Amino acid sequence: MTATIAREGRTATARPSRARTKRNLVTLALLAPALLGLIIFFVYPLIASVYYSFTRFDLVSPPEWIGLRNYTYLFTQDPNVWQATLNTLWFVVIWVPVKIVFALLIAGLLARAKSASGFWRTLFYLPALVPPVASVVAFVFLFNPGTGPVNQILKAIGIQGPLWFNDPAWSKPSLVLLGVWVMGDIMIIFLASLLDVPREQYEAASLDGASGLQQVRYVTLPSISPVLLFAVVTGVIAAIQYFTEAAVASGVASGKAVVGEGIGNNLGYPNGSLLTYTQWLYVRGFSTYQLGYASALAVLLFVVASVILILLLRRFKAFTPEGAR
Amino acid sequence: MTSTTLSRPTSASPTAPPKRKKPRRRGTALLGWIAEHTVLVALGILFIAPIVFVTLTSLMGSDQTLTASLWPNPFRWDNYVTVFTTVPLLQWFGNSALYAVLATVFMLVSSVPAAYALAKIKFRGANVLFTAIIIAMLLPPQVTAIPIYVMWSNLGLTGSLWPLILPNLLGDAFSIFLLRQFFLTIPTEYSDAARIDGNGEFGVLWRVVLPMAKPGIAATAIFMFFSSWNDYYGPLLYTSENPDAWPVAYGLASFRGVHGTDWGLTMAMTMLVTIPVVLIFFFAQRVFVEGITLTGVKG
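Line by line, the protein sequences give chains P and A. Counting from 1, one number per residue, gives the positions in the first sequence under the numbering used here. Counting from 326, one number per residue, gives the positions in the second sequence under the numbering used here.
If you're looking for bench data, these hints aren't it; they were derived computationally from the structure. None of the values given here were measured: they were computed from a predicted structure. For every residue, glycine included, the Cβ atom is placed at its ideal position computed from N, Cα and C. One or more of the hints may lead you astray.
[What the hints assert, rightly or not] Which bits of chain A does chain P cover? Going by a derived footprint, with three or more residues having C-beta under 8 Å, they are:
| no. | segment |
| --- | --- |
| 1 | 361 to 373 |
| 2 | 382 to 393 |
| 3 | 447 to 457 |
| 4 | 523 to 536 |
| 5 | 567 to 581 |
| 6 | 607 to 619 |
[Said to hold, decoys possible] Straight-line alpha carbon distances no greater than 20 Å define the calculated SDA-like cross-link-like pairs of lysine to any residue that follow:
| no. | chain 1 | residue 1 | chain 2 | residue 2 |
| --- | --- | --- | --- | --- |
| 7 | A | K539 | A | V434 |
| 8 | A | K447 | P | R20 |
| 9 | A | K447 | P | L35 |
| 10 | P | K22 | A | F527 |
| 11 | P | K22 | A | W531 |
| 12 | A | K447 | A | Y515 |
| 13 | A | K447 | P | T21 |
| 14 | P | K22 | A | G450 |
| 15 | A | K447 | P | V26 |
| 16 | A | K539 | A | T513 |
| 17 | A | K447 | A | A518 |
| 18 | A | K447 | P | A32 |
| 19 | P | K155 | A | W396 |
| 20 | P | K172 | P | Q83 |
[Claimed, not checked] DEER-style ranges, computed between Cβ atoms:
| no. | chain 1 | residue 1 | chain 2 | residue 2 | range |
| --- | --- | --- | --- | --- | --- |
| 21 | P | R314 | A | T353 | 42 to 50 Å |
| 22 | A | L482 | P | Q160 | 46 to 54 Å |
| 23 | A | Q416 | P | F119 | 35 to 43 Å |
| 24 | A | N398 | P | G255 | 22 to 30 Å |
Given only the sequences and the hints, what does the whole structure look like? Please build it.
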């Protein structure tokens, strides 16, 4: 507040302190809705989640304190939490890097092919616009084992296609293909960053006799590494909360209604292979209304997410208050 | 963060010095050009194929979708009418429109002033507040979902979309972050000059920052509109037991369960859910792409 206040003090000589008070009030007024929102929809629920996690709570009767019982159940007895965690980890380890590598490759091709790049960029971005539910429904149809176009085309060239979304071994890879199809957002960010690499650096490297691959290794990658790290960390955050695509794929591929049942009916179909951690949290919380236990799952998710966030906040200028000034 | 860096990804050709002629390499350059464009065309076909097949199937009768043929015969344009009578699609579209429009308007009213204060006013606690907003933006929504659900349940508003609309009156973390990034690109000299001219903070925001930040505000509004239109988790949480309140994306997820294997109708509905989003994108492509770039490129 120093610079502006000082300037005002010089022009309006009257009472700087009253001007300051007024200015503080105006600032508070501008921020009031957001501050209230942060308290009601962020700070309070965070604290309440921790409290609920030590209780038995079904929404009908008030929460009843049971100490660490939810946590001991979580770590020693819960029949599904281990599978759900492993499935989620699978998405972190496979889904995130595959998506990023493809986005980077296509951004690289677009950065080089300068002719009509607006057309190509739009074409590769377009799938990212499709609402996630719609893209999953479309993919379950395209990859359906009986009459889906994908297996028809594979058959035409003599390959017996797998059961895709109906086979526990193929359901997750099918969602990776979907993830690659909708990688447009990261691709746009990579493309902008690739076009920001000064051309002179490539020319200098080329004069020094660096091959194409060496130029990628020693010029491109170092200059885009902040954006790459950004994509990895936001990708990991998306993967640990992976929910919609997996839940909808299970529901649509199993052919069972999700009406009124939430997602409890065909959980993780086929064979639990698409049961992710956040789906399990949802089921315990809102299908069986074990809100205390679901809160324990939420607290564990919070701990894991916080570790990732701390890494993020320390590495990215854009996410620090000084960033982007 | 100059306007040139911002608009660069949208311009057809990046600003680059004229290519130095290398006659020796012209042959390999041509081969490279052909190889690159072959890969681009092949990938392009793979990326567009799902949209083509979905469009074609949306025009097939239910019996034909169960055969091997991939081309509609006859073209069943009436799928796009039938789907409105099979499920309460008009009502679902109405719910989606209400959700997306109100969420966007409410978000703008509450988040623009907050983003302005964070970008253009120096005040004590600004850093703490900004960090809190970043954490709120990045933390998985499931972490805080249960107490928030309990609150809405006590207010008797579960079973409707209001628990997803009303919180936007109290700011949206991602929107505040994005708007702030846009506002920072406006040189401080403008807001300082307006203050010297006797404008209060509201005046600076209304007369100087808002007119200059129109593209950024538009991009943020479109992001909000899309994320509410596409939302599945929120409606699942609050409306799954009340089909009258479903938005259209949520209705689509349950469509096949109710209507068996009629892939023709399912694909027609898939198209109908997608078309509004694509239309908005083509009308606002430039500001939209700038918005995406700004979320990540300045890391």
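Consistency of the hints with the structure:
1. 361 to 373: holds (count 8)
2. 382 to 393: holds (count 5)
3. 447 to 457: Contact hint for the segment 447 to 457 of chain A vs chain P: holds, 9 residues under 8 Å.
4. 523 to 536: holds (count 4)
5. 567 to 581: Held - the segment 567 to 581 of chain A has 8 residues with a Cβ nearer than 8 Å to chain P, which meets the minimum of three.
6. 607 to 619: This one holds; 4 residues, not fewer than the three required, reach chain P with a Cβ under 8 Å.
7. A/K539 / A/V434: Distance of about 14 Å is within 20 Å: holds.
8. A/K447 / P/R20: Satisfied, since the Cα-Cα distance of roughly 12 Å is no more than 20 Å.
9. A/K447 / P/L35: Measuring from Cα to Cα gives roughly 16 Å; hence the hint holds.
10. P/K22 / A/F527: Satisfied, since the Cα-Cα distance of roughly 12 Å is no more than 20 Å.
11. P/K22 / A/W531: OK: P/K22 and A/W531 at ~18 Å, within 20 Å.
12. A/K447 / A/Y515: 16 Å, holds
13. A/K447 / P/T21: Measuring from Cα to Cα gives roughly 14 Å; hence the hint holds.
14. P/K22 / A/G450: At roughly 17 Å apart (the allowed maximum being 20 Å), A/G450 and P/K22 satisfy the hint.
15. A/K447 / P/V26: Answer holds: A/K447 to P/V26 is near 12 Å, not above 20 Å.
16. A/K539 / A/T513: Given that 20 Å is the threshold and the Cα spacing comes to 17 Å, the pair holds.
17. A/K447 / A/A518: Given that 20 Å is the threshold and the Cα spacing comes to 16 Å, the pair holds.
18. A/K447 / P/A32: 16 Å, holds
19. P/K155 / A/W396: This hinted pair holds, its Cα atoms lying about 17 Å apart.
20. P/K172 / P/Q83: 13 Å, holds
21. P/R314 / A/T353: 42 to 50 Å: Given a distance of about 45 Å, which is inside 42 to 50 Å, the answer is holds.
22. A/L482 / P/Q160: 46 to 54 Å: 52 Å, holds
23. A/Q416 / P/F119: 35 to 43 Å: At 38 Å between Cβs, range holds.
24. A/N398 / P/G255: 22 to 30 Å: Cβ of A/N398 to Cβ of P/G255: about 26 Å, so the range 22 to 30 Å holds.
In summary, the structure agrees with every hint in the numbered list given earlier.
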